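Number of protein chains: 2
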Amino acid sequence: MPVRDEELKLLNEHLLQMAGLVERSIRDSIRSLTERDSTLARKVIEEDHKINTYDVKIDEECIRLLALKQPMGKDLRFITTAMKITTDLERIADNAVNIAERALELNEEPLLKPYIDIPRMREIAQGMIRDAINAFINEDKKLAMDVIMRDDEVDDLNQMVFEELMFIMTQDPSTVSRAIKISFVSKYLERIADHATNIAEMVVYMVEGRIIRHMVPNEIETS
Amino acid sequence: MPVRDEELKLLNEHLLQMAGLVERSIRDSIRSLTERDSTLARKVIEEDHKINTYDVKIDEECIRLLALKQPMGKDLRFITTAMKITTDLERIADNAVNIAERALELNEEPLLKPYIDIPRMREIAQGMIRDAINAFINEDKKLAMDVIMRDDEVDDLNQMVFEELMFIMTQDPSTVSRAIKISFVSKYLERIADHATNIAEMVVYMVEGRIIRHMVPNEIETS
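Protein chains in written order, with the numbering used here: chain A, 1170 to 1392; chain B, 1170 to 1392.
Be a bit skeptical, because a hint or two may be false.
It does not matter which identical chain is meant; a pair holds if it fits inside one copy or across any two.
Derived DSSO-like pairs (lysine-lysine); straight-line CA-CA distance at most 27 Å [stated by the list, open to error]:
1. Lys1311 to Lys1226
2. Lys1219 to Lys1282
3. Lys1219 to Lys1253
4. Lys1238 to Lys1282
5. Lys1243 to Lys1311
6. Lys1350 to Lys1311
7. Lys1253 to Lys1238
If you are wondering where the hints come from, they were derived from the structure by calculation, not from laboratory data.
As the structure is a computational prediction, the values presented were derived from the model and not from experiment.
Looking at chain A on its own, in the form it has when it is part of the complex:
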C-alpha cells in the first residue's frame, strides 16, 4: 500500500468496510434466491440503509479532507476518485436490493429450473468488486486492468441466460412471468459487474493519469 497519512488511511478503511457490506449484500441476495430464503431477502432490503450511511459519511469525509488539507496531485485525485467510487458502491447495493425483491416474488412461485449460471455470475461480479476496491487502495493498475477484462465473462453469461429464458418462454407461455423475473436478476448482476468495471477504469485513470474510461479493451492493452 502506498505511504499515506492517517486521515487517508482512515478513508481507505471506511471504503473497505463499505465494500464489505456491499459484497455481503450481493452474496445474500443471490442466496435468498437459490435457497428460496425470503427472510434473507428481507434482511438484504432492510439493511441497505447501512450502506447508504457509509456513502454519505465517506462523501463528507472527502469534502472535509479537500477543505482542510487542500491536497495536490496524487492525493487530490485519490480523494476525488474515492467520492466517485462510493457512488458506484451505493448503486451496486441498490442492484442487490432489486435482486432480493425479485427473489421475494420468485420464492412464492414454483421453481422454474435450478440456478446454475446465476451463482457463477454472482461469484465473478463479487470478485470484481473486491479486486476493484483493492486496486484502488493499493493503486494497483494491473489488478484494475484484470477486473476490466473480466466484464466480458459476465456479459456473455447474461446473454446465455437471456437466450435460454427466451427459449423457455416461447415454448411455454405460462413461464413468462417467472422467466422475465429471472432475466432481471441476471441483468442486475451484469449491471453490478459494469459498476465494478467503472471503478476499475477510474483506478487506472487515477494511477496513470491516462484517459481509459472511454476506450474499448483492445485500445487499453495496446496503447
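For this one, chain A is given, so just place chain B on it according to the hints.
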C-alpha cells in the same frame, strides 16, 4: 444565477453543452425507434464519443480548479458535485445508446404495436434532465425537488408498459423477442429518469447541506 467567477461560469457552460448533447441523444434514440429510422439510431451510437469527451474534459477542469484555487465551502461543494453529475450524464448517454441498439434490432422486425407510452416516458425523462441541470447551475432547490417528484410518473409508466407486454407475450409466444426488447427500452428510460433524480438529489444536498440522497419522497417534503 448565483455570482460566480469566470472559471466556474465556464464549468457551467461546459456542463450545459454536455447536457444538451445528452438530451439530443435521448430524443434521437427514441425517434429512431418510433420512426423506424435506423440511420438515426446509428448516428446516436456513433456520436456517443462526443459525450464521453465532455465527461473527461469536465472532470479534468474540476481537478484543476480544486488544485489551483483550493476552493472552500460553497464553491468546493459545487465543484465536487459537478464531478459526480458528469458521471451521471455520461451514463444517461450510455442508456440512449442502448435504446438505439434495441431500435436497430426492432426496426428489422414487423411493428408489434404503435408506441404510445414510450414517447411519453421520453418526454418526462428528458425534461427531468434539463431541469436537474438547471437546478444545479442556479442552485434552485425547489426545481430539484420537483424533478425528484416526477420520477414516480416514469416508474408507473414503465410498470404499465411492462404489464401490457407481459400480457401480449403470454397470449402469443411469437411476440416474445420483440416484446422483451421493447420492455428493455422502457427500462432504459426508467433508468435515465433515475439518473436525473440522482442529480437532483445531489443538488438539494449541495444547496441545503442536508442528506437527502437516502430519504423517501415523504421524508423529503416534511423534514
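Exercise. Can you give the numbers of the hints that this structure goes against, from lowest to highest?
Worked result: Numbers 2, 4, 6 - these are the hints that the structure violates, sorted from lowest upward.
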